[in-house]
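As they're listed, the protein sequences go chains B and H.
Counted from 1, the first sequence has number 36 at position 37 by numbering that gives the first Met the number 0; the numbering is strictly sequential.
Counted from 1, the second sequence has number 150 at position 151 by numbering that gives the first Met the number 0; the numbering is strictly sequential.
Derived from the structure by calculation, the hints contain no laboratory data.
Careful, some of the hints might be misleading.
Taking lysine-lysine pairs in the DSS-like style, the calculated list, with each CA pair at most 27 Å apart, reads [claimed, not checked]:
(1) K148(B) x K159(B)
(2) K112(H) x K214(B)
(3) K171(B) x K159(B)
(4) K77(B) x K89(B)
(5) K230(B) x K34(H)
(6) K225(B) x K112(H)
(7) K225(B) x K113(H)
(8) K230(B) x K112(H)
(9) K34(H) x K63(H)
(10) K112(H) x K204(B)
(11) K230(B) x K156(H)
(12) K156(H) x K182(B)
(13) K156(H) x K181(B)
(14) K86(H) x K49(H)
Just a few of them, taken from the derived set where beta-carbon distance is under 10 Å, the chain B residues facing chain H [stated by the list, open to error]:
(15) A46
(16) K170
(17) V202
(18) D205
(19) S219
Even for Gly, the Cβ is constructed at its ideal location relative to N, Cα and C.
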Amino acid sequence: MDIVLVFLIGFIIITCIVIISIIVSVYVDHLGSIRQSGKLAGEQAQASYTIIRRAMKQAHAMIVRAELTGIQTVAKKKIQADAFEETFEKELTKLLGTALHNVEYANASLTKGYQEYLLQARKCFESEILEHRHRLAQSFELVEETTVKTYRDFFEEQKKLVSEELSAQMKKTEERIEDHRKKREYLQDNVLADLVVRTAKLVIKDGVSMESHAKLIIDSLEEARKQGVLKPD
Amino acid sequence: MSQLTDSLISDIYTHEELTRRIALARGVCEYLFFKEPGLAIEDRIANYFKTYEHEEQDQAWIEKFLQQPHTHESFFGTIGELEQIEKKSPTIVLHIAVILPALEISMIGNWVKKNINQQTLIRFTYNPALAGGCAISLNGIYHDFSVGNRLYQQQEKILNSIRTIV
Chain B
0 MDIVLVFLIG FIIITCIVII SIIVSVYVDH LGSIRQSGKL AGEQAQASYT IIRRAMKQAH
60 AMIVRAELTG IQTVAKKKIQ ADAFEETFEK ELTKLLGTAL HNVEYANASL TKGYQEYLLQ
120 ARKCFESEIL EHRHRLAQSF ELVEETTVKT YRDFFEEQKK LVSEELSAQM KKTEERIEDH
180 RKKREYLQDN VLADLVVRTA KLVIKDGVSM ESHAKLIIDS LEEARKQGVL KPD
Chain H
0 MSQLTDSLIS DIYTHEELTR RIALARGVCE YLFFKEPGLA IEDRIANYFK TYEHEEQDQA
60 WIEKFLQQPH THESFFGTIG ELEQIEKKSP TIVLHIAVIL PALEISMIGN WVKKNINQQT
120 LIRFTYNPAL AGGCAISLNG IYHDFSVGNR LYQQQEKILN SIRTIV
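Chain B extracted, bound-state conformation:
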């Protein structure tokens, strides 16, 4: 218990005793005045005084005891506090040591754990990479096979188409050549005929006498008359 509290309790008790003594004294004086009796009053005063003194002694003894008790209590508490402080420091030091140890342990454990995790992750990654590589290789092989097959099919199809187109074109070309040959023959014949006609015309025009020309004109007029183009008026 705190020493100040002990003193305060003692002081309150003493004050209470004093106040009670005063009240009793006043009451006694008041009774003495009412009875106005000298003897009785003296005895009563003596008794009051004795009571007060006794009370005062008891109060004093109580204060002393209280002080002693307080001092003892304070001394005890101080001793307990020192012991507690020492114990606390010891426990704290111990706790700190334990905590430090735990932190170091935890750190080491964590580092080890991470290393293991990383190793495991690396193994896992390597394994996955290998697996993916394998799958990828398989996919590539599949794609390659499919592509080769597709190209081969496409090539065969194109080859077939080209062959068909070439055949058709060849046929058309042959037809054109034949058509051209016929046209050329027809043209040659016509040119030849035209040449013959022109030659004949030139021969007639320049190689025939004027009299024959006049006769030819008269022949034409006769023909026109026969056909009804020319009619006599």
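Fit chain H to the given chain B structure using the hints.
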């Protein structure tokens, strides 16, 4: 139409020839009536023939033209009649290949006068492509009776002949 006029156009077969003869007659009249007005008409005629030389046919035609009363009215009356004939005569257009001399033209002209109409006149156009014979334009329609056209019509036969030979 007077006998003289008939006589004057008897040897004329083409429009061009009639136009030329009318111009010739006008020339003669202008000389006779306006060139030497002081001289007698006979002297003027003599002077005209001395001044201008013509081909035989034209000379003959002028002399024929002058065989009428030597008056202004008579000469120009005849010219008027010739101009009327020029305007009113029926015309046939013949397309021929060569330019014909007068003799051959007269052959054709006589045929026309004989077989179609005495007063019909010819207009010649020349197209060497016709070769021979003639084409006729009549009332705006072209009729081809030429040798060239006949040859073209026979072209297929010619072609067949060539093919046979080849």
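List of violated hint numbers, smallest to largest:
When the structure is compared with the hints, numbers 5, 11, 14, 15 and 16 turn out to be violated.
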